[in-house]
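Protein sequences appear in the order of chains S and X.
Once you know that position 2 of the first sequence is 2 in this note's numbering, the rest is easy, because the numbers rise by one and skip nothing.
Position in the second sequence counted from 1, then plus 217, gives you this note's numbering.
Watch out, some of these pointers could steer you wrong.
[Claimed, not checked] In silico lysine to aspartate or glutamate, EDC-like type, Cα no more than 16 Å apart, as pairs:
#, chain 1, residue 1, chain 2, residue 2
1, X, 353, X, 284
2, X, 428, X, 297
3, X, 354, S, 217
4, X, 353, S, 70
Since the hints were derived computationally from the structure, they do not count as laboratory data.
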Amino acid sequence: MSKIGPLIQRYAKQELRNSNAIFSLGLYLVGITYLTYLLSGQNTADSTWNTLLWIVIFFGAIHQTSRSFEFESGDYFFYYQSIAGPRETIVAKLIYNSLYLLVLSITAWALFTLFYGNAVYNPLIFALGLALGCIGFSAILTLANGIAERSGKNATLSSILAIPLTIPLLKIVSAINIQAMVGAPLEEVREMIGSLFALDLAIGLLAYLLFPYLWQD
Amino acid sequence: MTGRFYKALGVVLVLYSLIYGLLTTVPDLPIIEQSIRNLFYHVSMWFAMVAMMAGSFGNAIGFLRSDHLKKDQRSVSLAETGMLFAFLGLFTGMMWAKFTWGAWWTNDPKLNGSAITILIYLAYFVLRNGTEEPRKKARISAVYNIFAFVMMIVFIGILPRMTDSLHPGNGGNPGFNSYDLDNRLRLVFYPAVVGWIFVGTWIASLRYRIKNFSK
Chain S
1 MSKIGPLIQR YAKQELRNSN AIFSLGLYLV GITYLTYLLS GQNTADSTWN
51 TLLWIVIFFG AIHQTSRSFE FESGDYFFYY QSIAGPRETI VAKLIYNSLY
101 LLVLSITAWA LFTLFYGNAV YNPLIFALGL ALGCIGFSAI LTLANGIAER
151 SGKNATLSSI LAIPLTIPLL KIVSAINIQA MVGAPLEEVR EMIGSLFALD
201 LAIGLLAYLL FPYLWQD
Chain X
218 MTGRFYKALG VVLVLYSLIY GLLTTVPDLP IIEQSIRNLF YHVSMWFAMV
268 AMMAGSFGNA IGFLRSDHLK KDQRSVSLAE TGMLFAFLGL FTGMMWAKFT
318 WGAWWTNDPK LNGSAITILI YLAYFVLRNG TEEPRKKARI SAVYNIFAFV
368 MMIVFIGILP RMTDSLHPGN GGNPGFNSYD LDNRLRLVFY PAVVGWIFVG
418 TWIASLRYRI KNFSK
């Protein structure tokens with residue numbers, strides 16, 4: 001388990017070296033946010049604001065995690081297999097992807113606030129919803145991408161596998177965020193946050209248990 | 218001929234529920250009226266589906282533990298049969314919804330759950346078709362199958378209970394248990410569930426044998 005830290009550092013370094021990927025993701029976020037702003041105008045209802053934000057984050061997340069195992073394909077697979085076991089790899093990937101998605105969604109939130117103005121009444125609950133959503137997303141998308149990658153590099157396959165699995169998660173997260181936007185107190189959303197947390201835990205545990213079967217040849 | 222007994226029992230129970238389900242007296246309730254008989258046909262489909270998917274899930278775990286390709290074949294045969302029940306459950310449910318709720322499709326958590334379940338298992342078949350090497354295919358699809366089954370239980374079993382639903386027993390609607398009659402309905406409903414599970418197992422075993430045969 002001591003290898004998790006260095007592995008995360010390694011993924012981050014690879015990503016930073018590959019500045020083209022970060023740049024294109026940033027451009028996507030700015031471009032799509034501005035496009036939705038042009039199309040929907042300044043006076044959007046809360047539910048529209050939230051839906052648009054989640055669509056932007058959702059496709060950003062799909063795009064980002066579809067590159068999860070970019071560097072582990074081909075011969076490099078054996079190299080990575082030799083430097084770390086499957087359990088360490090999946091934990092490192094999950095932490096790394098969760099953090100990455102968190103940065104992505106906070107950026108999207110900031111951009112939405114910039115263009116539309118602040119629509120969130122209770123930012124703390126909103127951020128909590130985002131963070132828990134990102135953890136669940138990263139687990140589902142990473143596992144689905146691992147499956148697609150091992151089955152032979154079908155780029156669309158990972159979205160086909162992941163999208164139906166993420167729908168319930170999205171529904172809970174966006175319900176929490178709507179509550180945060182209208183300013184509901186913590187007591188009212190506590191139950192939803194609890195169930196989201198339990199769902200995250202279950203998904204994460206499944207990914208952890210199942211990944212070793214993928215990480216072999 | 219193995220398992221002749223369960224096959225015969227399955228057929229008898231299904232026939233009994235199909236015929237006696239139409240003949241038996243049912244409680245007279247507003248709105249739902251005679252359509253309550255659909256309990257025998259619609260709800261038993263979902264029970265049979267969950268049973269098939271559970272069998273598929275069990276065989277997927279069995280494959281990962283033992284590496285026998287037989288288990289993988291069983292797993293996919295059961296998932297295909299479960300899919301058949303899912304579609305049948307969806308169609309019978311849509312008919313029931315049209316006559317009691319007034320629409321073929323509503324934005325109800327249970328309906329969303331079953332639609333998502335169907336999408337997940339269709340993705341499972343796409344995944345299987347996209348992979349060539351049998352052992353790798355079996356391993357990868359077993360991983361997805363296990364993940365999918367657990368998520369399915371969350372979608373159709375846990376999430377709908379947390380939100381309002383038009384289905385009985387959710388969101389202030391009374392559960393079927395509170396419709397006094399129970400005993401009359403149960404007398405047909407439970408045999409229907411058991412019968413369909415047996416018939417489903419039979420269908421899956423036939424699919425499994427056809428698969429082995431054509432190889």
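Under the criterion that the straight-line Cα-Cα distance not exceed 16 Å, is the pair residue 428/X, residue 297/X satisfied?
holds, 12 Å
Would the hint linking residue 353/X and residue 70/S be met if the CA-CA limit is 16 Å?
Violated, because 20 Å separates the two Cα atoms, which is more than 16 Å.
Do the alpha carbons of residue 353/X and residue 284/X lie within 16 Å of each other, as the hint requires?
holds, 10 Å
Given the hint that residue 354/X pairs with residue 217/S, does the C-alpha gap stay at or below 16 Å?
Holds - the C-alpha atoms of residue 217/S and residue 354/X are around 11 Å apart, at most 16 Å.
Hint violations for this structure: number 4 only, all remaining hints satisfied.
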